[in-house]
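Residue numbers (the UniProt record's numbering), protein chains in the order written: chain A, 1 to 345; chain B, 1 to 345.
Don't read these hints as lab results, they were simulated from the structure. Do not rely on the hints blindly, as some may be mistaken.
With the Cβ distance kept under 7 Å, some of the chain A side facing chain B (calculated, not the full set) [said to hold, decoys possible]:
(1) Ser114
(2) Lys121
(3) Met155
(4) Lys208
All of these numbers come straight from a predicted model, not from anything done at the bench. Ideal placement from N, C-alpha and C gives every residue a C-beta, glycine not left out.
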Amino acid sequence: MAAGALHRSIRTIQLHGGSNDSASTKEFGNSSLKFISKGFTVDVKFLSDRSHSFSHCKMHVIRAISSHASVVDPILSTSHVTTNFNQNTSIESSLILIRHGESMWNEKNLFTGSVDVPLTKRGIEEAIEAGKRISSIPVNMIYTSALIRAQMTAMLAMTQHRQKKIPIIMHDESIQAKEWSQIFSEETIQQSIPVITAWQLNERMYGKLQGLNKEETVVKYGKEKVHEWRRSFDSPPPNGESLEMCSQRAVAYFKENIEPQLQNGRNIMVAAHGNSLRSIIMYLEKLTSQEVTNLELSTGVPLLYIYKHGEFLKRGSPVGPTEYGVYAYTRNLALYRQKLDEMVQ
Amino acid sequence: MATAVFHQALGTAQSHQHLQNSGSRLEFGHASLKLISKGFKVDIGLSRRGSYSSWKKKFGLIQASASQTSVVQPVSYPPNNSSDELRKKSSEAALILIRHGESLWNEKNLFTGCVDVPLTKKGVEEAIEAGKRISNIPVDMIYTSALIRAQMTAMLAMTQHRRKKVPIILHNENEQAREWSQIFSEDTKKQSIPVVTASQLNERMYGELQGLNKQETADRFGKEKVHEWRRSYDIPPPNGESLEMCAERAVAYFKDHIEPQLLSGKNVMIAAHGNSLRSIIMYLDKLTSQEVINLELSTGIPMLYILKGGKFIRRGSPAGPTEAGVYAYTRSLALYRQKLDDMLR
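One chain only, chain B, in its complex shape (with noise of 0.2 Å):
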């Protein structure tokens, strides 16, 4: 288990913007060094003189898992390798957005943002479409937000896909909570998938425009006034945010966190809101802030972007299980549906 821990902690260490670079050797001098990784807490005391040993003798654990389909797949983060060897791994990654379904407040016509409400049967249906769509398309790592209807929608979307590896929520809240979610069998780490929830990834905030319901808001606005916030770029609704608003927290949020998963080959899921995938989208394709406002993202039907050569290339949306036309996104893509092919025969 202290392996896997420190695995997970070195993943996060490769995001984290003060490890400098992944190729000269590091100096923590006597820094203690606390990497907060999803789940997992690690408290590493460093001094100058035990530095390089201490991490050299880490390493020999990453080098043992070298399993395409692993969970948390270490980034191989070594002194003393060259900065070349990190990006020859498959250096193509899948990327899924989903935009949850029906909310109980979407049929009421209430503006929701950030109020927690749940899916709606109708809902619930169409993350279960959804899953099937990218049934055949890898999952190495599950970003959701902090918000029901977005981690059900996720959680329904994976009930259907065919690699069956399993989603675990990881818990970060405090000591406690990471302690009581540990799993202690390898194997198992391995079948798993973490999920990330992330409140950066949250719907944008409606302010005082919350559990309002279009009539009411015209009425206490003024018409205009409600077009303006739901229209701009960069007008709140008093005490909201601004979509400009929330595409900074959501993208500077996937840049730091997410982004660096997908360099180092994972492919990741996001299920997320209409105003933070936008904010993705946004910087995805180099939007204007003109062209995300007119941007409108269907629920619950997954869009597919594939990561390559530092690029992000955008593949539509996969289409239902049975079509053709899902095989022929990339050649990894078709390989993987083929190894599950053989592996479900």
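Chain A on its own, in the form it takes in the complex (with noise of 0.2 Å):
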């Protein structure tokens, strides 16, 4: 278990901004390094006449790391992550997007916001639906939001996915929650797809709106503030956020957190709300804050969308699993669903 902890940080190294350049000895004198990664923690004390086995340690995983369906590595604040390993291979890794469907308030036609309402019966069987769409294509990490409908969006979704490998929730809101869901079979989390929630990719903020329902809304505030509000860019409702206040978080926490995995080849789902997902998409697709207000994301019908040279190529939505048309997005994605043809062969 040692050495897999090792493994670990020493790529968490890799990718931290501390370390210079990948080749060198690196000097850490007698300090001793915390790595916090999701669910990991591993105190690392370095010695300095240690340097030279620590270095050929790192070499020796650094080769280790190129499986396309690769292990958890651990999740970091990726902002330096060095581009020298990575950019011989012609990287291209795919970016799910899905919003989750009916909530208990949608049903009820009550403004949610950041109310932490779950799916109705319907809202399941969308998941159930998404997942069968894209049970052909790679996930290897998963991005939810705080709230309970977008992660059992995903988890539900997850359940017809034909890999078999297993989304495991990341617990670092305390030192106990970290230490309690650590895993210690090697195996064991080279078989799971690393699942981390985040309030910044939390439904747009309805502040005094939340709970009420449209027509309370119209008698109070009147029908032509409440239409700005739900409608404009940048009017938000009283103590909440406004379209572009969302999209300010939602979008930073992407480029920062989930990009640079994009960038290092892995593929990412994300399960979120109709507001931060928008957010995400004016990016991906440089819209205007015209159009982005105008784009309505159906509920429940992912997304596909394909990140290769710094680029984002829309790929639409994944027919069923029955069409011909998803295997064709691109040769890597063939290639991918004919590993699983066979596997379950």
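Starting from the two chains in their separate frames, assemble the complex, guided by the hints.
Here is the structure:
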């Protein structure tokens, strides 16, 4: 277990801004480093006379990172991702966006925002359907909001996935939460898909409108005002967020946390909400604020993007698993699909 | 909104230790009281001079909410009422315990413990089935562990409930989480069932066994040792919890937070895990450590207890919704069932 932890922590060093280049030996003196990667806390003490064996260890680990459907890597703030070890292969990664289905307040026509309301029976079915549509698209990591309707959508969708890896929700709200959720088998870790929950992916916070139904709101504030809050880009409801404010935090999160993973070749699924996903799409497709306010995302219908050479290519919506279309998205996806077919034989 | 916040705060005040008793006047001196009730944080600065009148003013609010099916029923806490009045409200409350169904690691025969693994398709179905069985039993509050498999079980089960109230997960992680999840409609709050997530209800933490399969474990530690950890009462696996340790924290949580709700007449559902529920049952049924070791809880089959006259009466497992058995549990439950039938006709 110590070896595994060390490998993981070394990869952390590799990806952290703290190490300048990948080849030379590192000077750490006698300090001890704490790597808090989601779910694992590793205390690594380095002594300067060990630097040779450390770098040897590290080189060995880097060669190991080549598998397309790779293990649970430590999830880090990868703002200084070293690019030298992945530019030789043409990196292509897939990004799936899923908007959750019907929630119990949708059904009652109440403004929900960031209130944590669960799915209805229909929302559950939508999630399972969405899962079938992406059952042949690789997923290495999952990001969801902090709200149960998005988390359930992700977990329900993954029950349909053909690969047998298992989503594991990462906990880092406290030291105890981290310790308690540790996994002690390398093999098991390799069969896991880390799931990260982030409030920055929450639905747009609707302030004082949360819990009100549409009539109540119009009576209270007037039809025009309500229309403005709902449909404008930068006009927030009282104590709430405008779409602009929501975009700011959602896109910032995407750029800092999710995009680097895509750059490293990891296939990502994001399960979130109408406004947080619209914000991300605004970034991916470089939409104007006018265009984004007119953008409607279907619930429970996943959207696929391919990330290649630093660009996001829109691939629409994967059709049902029995349709030919889904194989044709890219060569890599077709190969992945083939592997799954062989695996299940 | 301030109203509801205060109600909720008072509800917590009732169960907090340091507010001594229900009958006499409360002396607070110049202390400021922070009541952290689930999801809402209220700072109450009380000065000696102001205490009685400010409490009195707040109680004006309490008298307003009389509805039986209201959310977060304030536990009235007036300093000048006798303690008898507190008990006169319905002294019968239903307690439902549901153990979640199959998780993705159960399927693979891996020790799970506190690793946050989701449900399989089968686990999802079990949760829905469980929901059908309790669809006619009143639920005013829900408690779950911090793990997705228990939370999903609760949310899936409640999609089957005939009362159509909406579970709302309360967020307490920080100031922003609390603010963002606020509800601004009284009507909506009344139709809500607060859901409290608590790590004290988590599965027993299995330490260094988490993620290992049974073969790996027997190889690594020896068959006898493993049997001892799994089946003894007080022997923990390395860096893990014994059943006794799990029981300590689960039962303490039950007594501090859940039992007071039941005593005040609220009907509670707990969705949790094998060991945390066994621990609670050990307390409810006054089992010995020997008896609790031998207690097996079926997955996905809810268990019903009635709290009456300060005692927990075990009512077994509610039969399916079409069976006569479930009506006969108590008169109150039969009346509740009738109300639902009338409502949905």
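Taking the hints in turn, this is what the structure says about them:
Restraint check, Ser114(A) versus chain B: the minimum CB separation of about 4 Å is within 7 Å; hint holds. For the restraint placing Lys121(A) at the interface with chain B, the shortest Cβ-Cβ distance is roughly 5 Å, inside the 7 Å limit, so the hint holds. With a least beta-carbon distance of about 4 Å to chain B, the hint placing Met155(A) at the interface is held under the 7 Å criterion. Given hint, Lys208(A) at the interface with chain B, holds; its Cβ is 5 Å from that chain's nearest Cβ, closer than 7 Å.
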